[in-house]
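I would like the entire structure built from these sequences, with the hints used as guidance.
If you want the building blocks of each chain, they are given just below.
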Amino acid sequence: MYPITTAHYIALSAALLLIGTVGVLTRRNIVIILMSIELILNAVNINLVAFSQALHNLDGQVFAIFVITDAVAEAAVGLGILIALFRNKETVLADEVDLLKW
Amino acid sequence: MNFNFLDLIWLIPLFPLCGAVLMLLFGRLLDPQPPSTVALAAGVEHTHDEHTHDEHEHHHHGHPHSHSHEHATGHDHDHDHDHHHHGSPLKVLISLLCPGMVLISFLLSAGAVLQLSSQPGKVKEVIQFTWLAGLRFHLMNGHLATLPFSADWGFLLDPLSAVMILVVTGIGFLIHVYSVGYMAHDTGYYRFFGYLNLFVFFMLMLVLANNYTLLFVGWEGVGLCSYLLIGFYFQKKSAGDAGKKAFIVNRIGDAGFIMGLLLMYSLLGTARFVEVNQKLIGHFHAETAGFGVLSAIAILFFVGATGKSAQFPLYVWLPDAMEGPTPVSALIHAATMVTAGVYMVARSSALFQLAPSASTVVAAVGAFTAILAATIALVQNDIKRVLAYSTISQLGYMFLALGVGAYWVAIFHLFTHAFFKALLFLCSGSVIHALGGEQDMRHMGDLKDKIPITHWTMWVGSVAIAGIPGFAGFFSKDEILWQAYSSPSGSKVLWIIGLVTAGLTAFYMWRLMNMTFYGKSRVKPEVAAHIHESPPSMTVPLVALAAGGVLAGWLGVPKFWTYFPDSFQTFEHWLEPAFASAAIEASRLGEHDASTEWILMAVSVAVAIIGITVARYFYHHKPHVPDTLEKSLRPLHNLLYNKYYVDEVYDFLFVNGLGKGGGRMLGAFDRNVVDGAVNGAGWLTRFSSRISMWWDTWIVDGAVRFGSFTVKLLSYPVCILQTGRVQAYALAVIVGVLLFFGYFVAGK
Numbered sequence: 001m002y003p004i005t006t007a008h009y010i011a012l013s014a015a016l017l018l019i020g021t022v023g024v025l026t027r028r029n030i031v032i033i034l035m036s037i038e039l040i041l042n043a044v045n046i047n048l049v050a051f052s053q054a055l056h057n058l059d060g061q062v063f064a065i066f067v068i069t070d071a072v073a074e075a076a077v078g079l080g081i082l083i084a085l086f087r088n089k090e091t092v093l094a095d096e097v098d099l100l101k102w
Numbered sequence: 001m002n003f004n005f006l007d008l009i010w011l012i013p014l015f016p017l018c019g020a021v022l023m024l025l026f027g028r029l030l031d032p033q034p035p036s037t038v039a040l041a042a043g044v045e046h047t048h049d050e051h052t053h054d055e056h057e058h059h060h061h062g063h064p065h066s067h068s069h070e071h072a073t074g075h076d077h078d079h080d081h082d083h084h085h086h087g088s089p090l091k092v093l094i095s096l097l098c099p100g101m102v103l104i105s106f107l108l109s110a111g112a113v114l115q116l117s118s119q120p121g122k123v124k125e126v127i128q129f130t131w132l133a134g135l136r137f138h139l140m141n142g143h144l145a146t147l148p149f150s151a152d153w154g155f156l157l158d159p160l161s162a163v164m165i166l167v168v169t170g171i172g173f174l175i176h177v178y179s180v181g182y183m184a185h186d187t188g189y190y191r192f193f194g195y196l197n198l199f200v201f202f203m204l205m206l207v208l209a210n211n212y213t214l215l216f217v218g219w220e221g222v223g224l225c226s227y228l229l230i231g232f233y234f235q236k237k238s239a240g241d242a243g244k245k246a247f248i249v250n251r252i253g254d255a256g257f258i259m260g261l262l263l264m265y266s267l268l269g270t271a272r273f274v275e276v277n278q279k280l281i282g283h284f285h286a287e288t289a290g291f292g293v294l295s296a297i298a299i300l301f302f303v304g305a306t307g308k309s310a311q312f313p314l315y316v317w318l319p320d321a322m323e324g325p326t327p328v329s330a331l332i333h334a335a336t337m338v339t340a341g342v343y344m345v346a347r348s349s350a351l352f353q354l355a356p357s358a359s360t361v362v363a364a365v366g367a368f369t370a371i372l373a374a375t376i377a378l379v380q381n382d383i384k385r386v387l388a389y390s391t392i393s394q395l396g397y398m399f400l401a402l403g404v405g406a407y408w409v410a411i412f413h414l415f416t417h418a419f420f421k422a423l424l425f426l427c428s429g430s431v432i433h434a435l436g437g438e439q440d441m442r443h444m445g446d447l448k449d450k451i452p453i454t455h456w457t458m459w460v461g462s463v464a465i466a467g468i469p470g471f472a473g474f475f476s477k478d479e480i481l482w483q484a485y486s487s488p489s490g491s492k493v494l495w496i497i498g499l500v501t502a503g504l505t506a507f508y509m510w511r512l513m514n515m516t517f518y519g520k521s522r523v524k525p526e527v528a529a530h531i532h533e534s535p536p537s538m539t540v541p542l543v544a545l546a547a548g549g550v551l552a553g554w555l556g557v558p559k560f561w562t563y564f565p566d567s568f569q570t571f572e573h574w575l576e577p578a579f580a581s582a583a584i585e586a587s588r589l590g591e592h593d594a595s596t597e598w599i600l601m602a603v604s605v606a607v608a609i610i611g612i613t614v615a616r617y618f619y620h621h622k623p624h625v626p627d628t629l630e631k632s633l634r635p636l637h638n639l640l641y642n643k644y645y646v647d648e649v650y651d652f653l654f655v656n657g658l659g660k661g662g663g664r665m666l667g668a669f670d671r672n673v674v675d676g677a678v679n680g681a682g683w684l685t686r687f688s689s690r691i692s693m694w695w696d697t698w699i700v701d702g703a704v705r706f707g708s709f710t711v712k713l714l715s716y717p718v719c720i721l722q723t724g725r726v727q728a729y730a731l732a733v734i735v736g737v738l739l740f741f742g743y744f745v746a747g748k
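Protein chains in written order, with the numbering used here: chain D, 1 to 102; chain Z, 1 to 748.
Some clues are possibly wrong.
Said to hold, decoys possible - Looking from chain Z toward chain D, a few residues come up when the C-beta cut is under 7 Å (computed):
#1 R725
#2 Q727
#3 A730
As the list claims (entries may be wrong) - So these bits of chain D aren't anywhere near chain Z, every CB distance computed over 10 Å:
#4 Y9
#5 I10
#6 M35
#7 V62
#8 A71
#9 N88
What the hints assert, rightly or not - Stretches of chain D that chain Z covers, calculated by requiring three or more beta carbons in the stretch to come under 8 Å of a beta carbon on chain Z:
#10 19–25
#11 90–99
Simulated from the structure, these hints should not be mistaken for laboratory data.
All residues carry an ideal CB built from backbone N, CA and C; glycine is no exception.
If you want it as structure tokens, here you go:
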């Protein structure tokens, strides 16, 4: 049985980051985009916690808590905007909301 | 009773003013329009909608009196006794109040004059307050006057103004009483009496003023009242026009008067009669050679007098003024207002004494006017017009007397003339009243027995004006002729003109008498049935004035009638203190022997009798003679009948020529020059604005648009990037991150 090393964590983190990024760029539904953003943030969290454990420094873990809090707030605001948007435009698709251009 | 009338002379004008104010403010309440008038008129206008406007007017004024044709001629007192409506009983109040006010003034005047006669200097000045104060002005020598010019509200009672106030209030009162009867059936009764009282007020201000400025206030005031009363029947266009004519012609004279006044203020620095006379006598010499500033002032004053007193060339308004009611013609346009010019010149006697050339002009204009008006009167057919020209002629006599330096004689003639001319006018009013508004003498005749009181009083008036010995006109007219003949500034030419005028006067007055009262009746049949003598309120003043027309002259019996005591020359002695010339006249007394005077008097009486006889022969015994004469002398008759075409000439020269032609020229000037300048300025503005607009559009806007266009052009590639899709931006961010990442990795 191989021990789980930092490299494993980083690989997982990189995988999550990639999945999240691709999700943000390719999915039209804003709910999915928000979920993808959560994936990216979680990839960051894993990175932080992994390095905290490897370097025996708790700063990374504290930082991860902050990021989770931030993610919660971001999800709340994002979903709120999304509901307001749906009430006005009856859509949740990101490519149909393109008014903010020249 | 110890009552000092002399201190109360300021009250004399106040009473008529009260009457006027009461009438003009509250008169309508006392004399409301008869309600039937309004109702009828309204009804007429409703039911006769298809009528023309003229017929509306006709019905409107005609119905209440049922004599519409009389309205058309301006005399809407009807003679049908069944038809009398006196309006409100309160109207009696007006009939008592207005003549009463003048009567009070007369009594105050009489009291004051009686007390004045016992005063040594025979001058009483009452100054109440200063109404024009502190006007600084430059004297003629260029220095600023030491004392600022001021005008008092002050009254001066001296022998001259004493005569005037007695004439104004005395005859004014009689005419007020007459008007009560004459105007009884007119609408606007209160208005008439209000104006009449206002006139008396202003006339009294004129003659009682102690300075020229206040005199001028009265002068303009009587002009205003004259205008209002000439236009009393303002529904009639001719009456309104006559009022305007009188007002405008008088303004021409007044312009001269004002210039004279200002010239005099700047020469003497004062306007008070007493001070003016003192300064003139003390500091100036007579301008015997040439024409100086005193002559200029005198001539300008005389221009004012020609306007107010209807002298050539400004007499044209007076005949037209007969459009007013007859009592107005008697009071304003015969007895009082038109003599204001005579009064003013007499008041300025010291000035005219120092300006012989101006006096010569006065005498010449007076004589010319006298004979001019008398010849016109020969052929007129309107009874009032004959009397109007007669008035002009008699005023010419007065100016003749003033011009030759016989000031007291002018005032004497003014005094007697006031009696007999007021009498003649009131009699003519009575005749017109009897005939229901007929003024044309060709439709009169044989009225002698039908209206006997009117006939006899008018007979007295005619005899008086013709100059038959014993009657008032004889004394004054004869004195004028004598003065014209004998005065150093008189001449035989003036005397002959005066004499001829006297003959013409006798002729036209007897023509009037014969056409009106004697011969065959030519009265229209529908009028003939209604002829009736006037009510007592009209005949009593006639009788009183007739008595005056006989007796007034005996105050100035010729001096060479030595068998009369001195008291028969009261008039001259009374006026002696008022005129500076009195001493000069006294000095040359006895230069001519009495026989010359007897001869001249006999000649003038003979001329008067010839005039009367010829008139009686022409118009009574041989009525066809005037017609044949008229036919054989057609051009002359036309000339006289049309009043020498003076009105037409004035129309051509001034009304159409100067007035309308000048108006046209000014209009052309306006259109071409003024409007041209305005339009040119407008065109220039538009032109320059067009240039500026072109600059704006192409240069300024072009620069701005070019700038924005450049920005737009340059921004175009950037715009393409801004798609509005969030994911596109995210992609760009990620690509950017990857690029930096790759760069750093590769760079290591």
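Status of the Q727 of chain Z interface restraint (C-beta, 7 Å, chain D): Hint on Q727 of chain Z: holds, closest Cβ of chain D at ~6 Å, below 7 Å.
I10 of chain D remote from chain Z - nearest C-beta pair above 10 Å: Nearest chain Z Cβ is 15 Å from I10 of chain D, so the label holds.
Whether V62 of chain D stays farther than 10 Å from all C-beta atoms of chain Z, as the label says: Nearest chain Z Cβ is 26 Å from V62 of chain D, so the label holds.
Consistency of the no-contact label for A71 of chain D, given chain Z and a CB cut of 10 Å: holds, 17 Å
Cβ separation check - Y9 of chain D to all of chain Z, threshold 10 Å: holds, 20 Å
When the least beta-carbon distance from R725 of chain Z to chain D is tested against 7 Å, hint result: holds, 5 Å
Distance rule for N88 of chain D, whose beta carbon must clear each one in chain Z by more than 10 Å: holds, 16 Å
Status of the stated non-contact between M35 of chain D and chain Z (beta carbon gap over 10 Å): holds, 15 Å
Per-stretch coverage check for the segment 90–99 of chain D, three Cβ contacts closer than 8 Å to chain Z: holds (count 5)
Claimed coverage, the segment 19–25 of chain D by chain Z - three or more beta carbons nearer than 8 Å: Contact hint for the segment 19–25 of chain D vs chain Z: holds, 3 residues under 8 Å.
Interface restraint verdict for A730 of chain Z against chain D (beta-carbon cut-off 7 Å): A730 of chain Z check passes; min Cβ-Cβ to chain D is 6 Å, inside 7 Å.
Figure legend: structure checked against the earlier numbered hints; every hint is met.
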